[in-house]
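K.L.:
Position in the sequence shown counted from 1, then plus 1, gives you the numbering used here.
One should not assume that every hint holds.
[Claimed, not checked] Taking lysine-lysine pairs in the PhoX-like style, the calculated list, with each CA pair at most 20 Å apart, reads: (1) K257 with K145; (2) K224 with K167; (3) K242 with K47; (4) K47 with K117; (5) K103 with K224; (6) K47 with K224.
[Said to hold, decoys possible] Pair by pair, the computed Cβ-Cβ distance ranges are: (7) Y254 with R27: 13 to 23 Å; (8) E190 with S133: 27 to 37 Å; (9) E29 with E202: 20 to 30 Å.
If you're looking for bench data, these hints aren't it; they were derived computationally from the structure.
Fair warning: this is a prediction, and the values are worked out from it, not measured in the lab.
All C-beta atoms, glycine included, are put in the ideal place defined by N, C-alpha and C.
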Amino acid sequence: MNFIKNMYCNKCLCHILNERINYICRNEYEFFFRKVNVVGVGLGYKTINGICSCRPCIKVFVSNKRNFSSLSNNDLIPRVYKGIETDVVKANVSIPYSLTHKIRPTLCGYSVGPEKSTKTGSIACLVTDGFSRFLLGNNHVLAKTNSLAIGTPIIQPSGEDKGKAKVDVVAHLAKFIPIKLGGIFKKEENYVDCAIARLTEKSIASPKIAIIDMSPRGVTTPKVNQTVKKVGRTTGLSIGKILAINATQKIEYGMKSALFKNQIVTTPMAEEGDSGALLLDENNYAVGLLLGGSELCSIYNNINDVLSLLSISIITN
2 MNFIKNMYCN KCLCHILNER INYICRNEYE FFFRKVNVVG VGLGYKTING
52 ICSCRPCIKV FVSNKRNFSS LSNNDLIPRV YKGIETDVVK ANVSIPYSLT
102 HKIRPTLCGY SVGPEKSTKT GSIACLVTDG FSRFLLGNNH VLAKTNSLAI
152 GTPIIQPSGE DKGKAKVDVV AHLAKFIPIK LGGIFKKEEN YVDCAIARLT
202 EKSIASPKIA IIDMSPRGVT TPKVNQTVKK VGRTTGLSIG KILAINATQK
252 IEYGMKSALF KNQIVTTPMA EEGDSGALLL DENNYAVGLL LGGSELCSIY
302 NNINDVLSLL SISIITN
C-alpha cells in the first residue's frame, strides 16, 4: 500500500515539476534569451555524460558552447534556475529549411513549391476543411514568408527541382498563418509556420506518405524521449527522438528573426528542402510540422496548433 502511495506521490510531483518548467519556457524565456548564443528553451530530460537521466529539466539550446572563462557573469547559464536543473545543448538554429521528381498522384513528403519561385519544401500531408482537399506545408515555402497572393499556383516538383509552370500545377495557395517578424523582445509571438494549397482535383494527390506507404492515422501528443520519424524531399525517411517539448525558439528569417512558442525539438532529422515534412510517432500518428533546424537539431510546430489555427483536419484515408 505504501509503495502504491509513494508511486502516486512521485507522479504528482513529476507533473507539478513539468508544469513549472512549461510555465518558465512560455513566460520567462527572456531571462535565457538575454544571454549570448541562447536560441531556445524547452522541457526535456537532463543528460549526464551522454546518458539520459529521465530527470525533467530546462533544456537550454545555444548556437555555440563556450568555456565558462570566456563568458561574462551575465551570460552564464545557471546550473539551477528557480530550483530546477538546466541542461545546455548546442543547437544552432538557422534559416528554416525550405524525393525531387514529378509523381502523380503526388505523394506526401515529395518536393513542392510556388510557381516561378526557387522556394522548395516538402508536402506534409493532405488536409480538409470539410469541403475541399488541400496540401499542407510551410508559410515560408508555399507563401514565401507572407509575400505571395492567395491563388498563387503551387507546383510539384518545385521550380528548383525542375518543375514547370502551368504543366506541373497541383494546387493553388488558399490560406496561410502570417509570420510575425521583428525580434524576440517585441512580444511578437508565433506558434506556427504553415500554409495550405487547394488541390486542382481530388485525384492529383494521395494522402499516403512516400516510403512509409501509409496515410497518417490521426494526431497524438508529443512526449519527451519519444521515437519519431519524418519523410522529406531531401533526406527521405529519418528517425530520431524528441529532445524537448513546449519549447520557445528563436528562428532566423534572412535578416529578421521570429519567436516561436510551443515547439518540438528533436535530434537532427532534416536538411534544406525538408521543410514542411510531417513528424510522426512510431504508429504513424502526426505530432509536428517541420519548421527548420541545423545539423544538431530539428524544430517542429505542434501539429495541434497547425490544425487549430488553419481550421482543418488531416485526411487519414
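K.L.:
So, for every hint listed, does it hold in this structure?
P.N.:
Hints versus structure:
| no. | hint | in the structure |
| --- | --- | --- |
| 1 | K257 with K145 | 14 Å, holds |
| 2 | K224 with K167 | 42 Å, violated |
| 3 | K242 with K47 | 14 Å, holds |
| 4 | K47 with K117 | 46 Å, violated |
| 5 | K103 with K224 | 35 Å, violated |
| 6 | K47 with K224 | 15 Å, holds |
| 7 | Y254 with R27: 13 to 23 Å | 22 Å, holds |
| 8 | E190 with S133: 27 to 37 Å | 29 Å, holds |
| 9 | E29 with E202: 20 to 30 Å | 49 Å, violated |
In summary, the numbered hints that this structure violates are 2, 4, 5 and 9.
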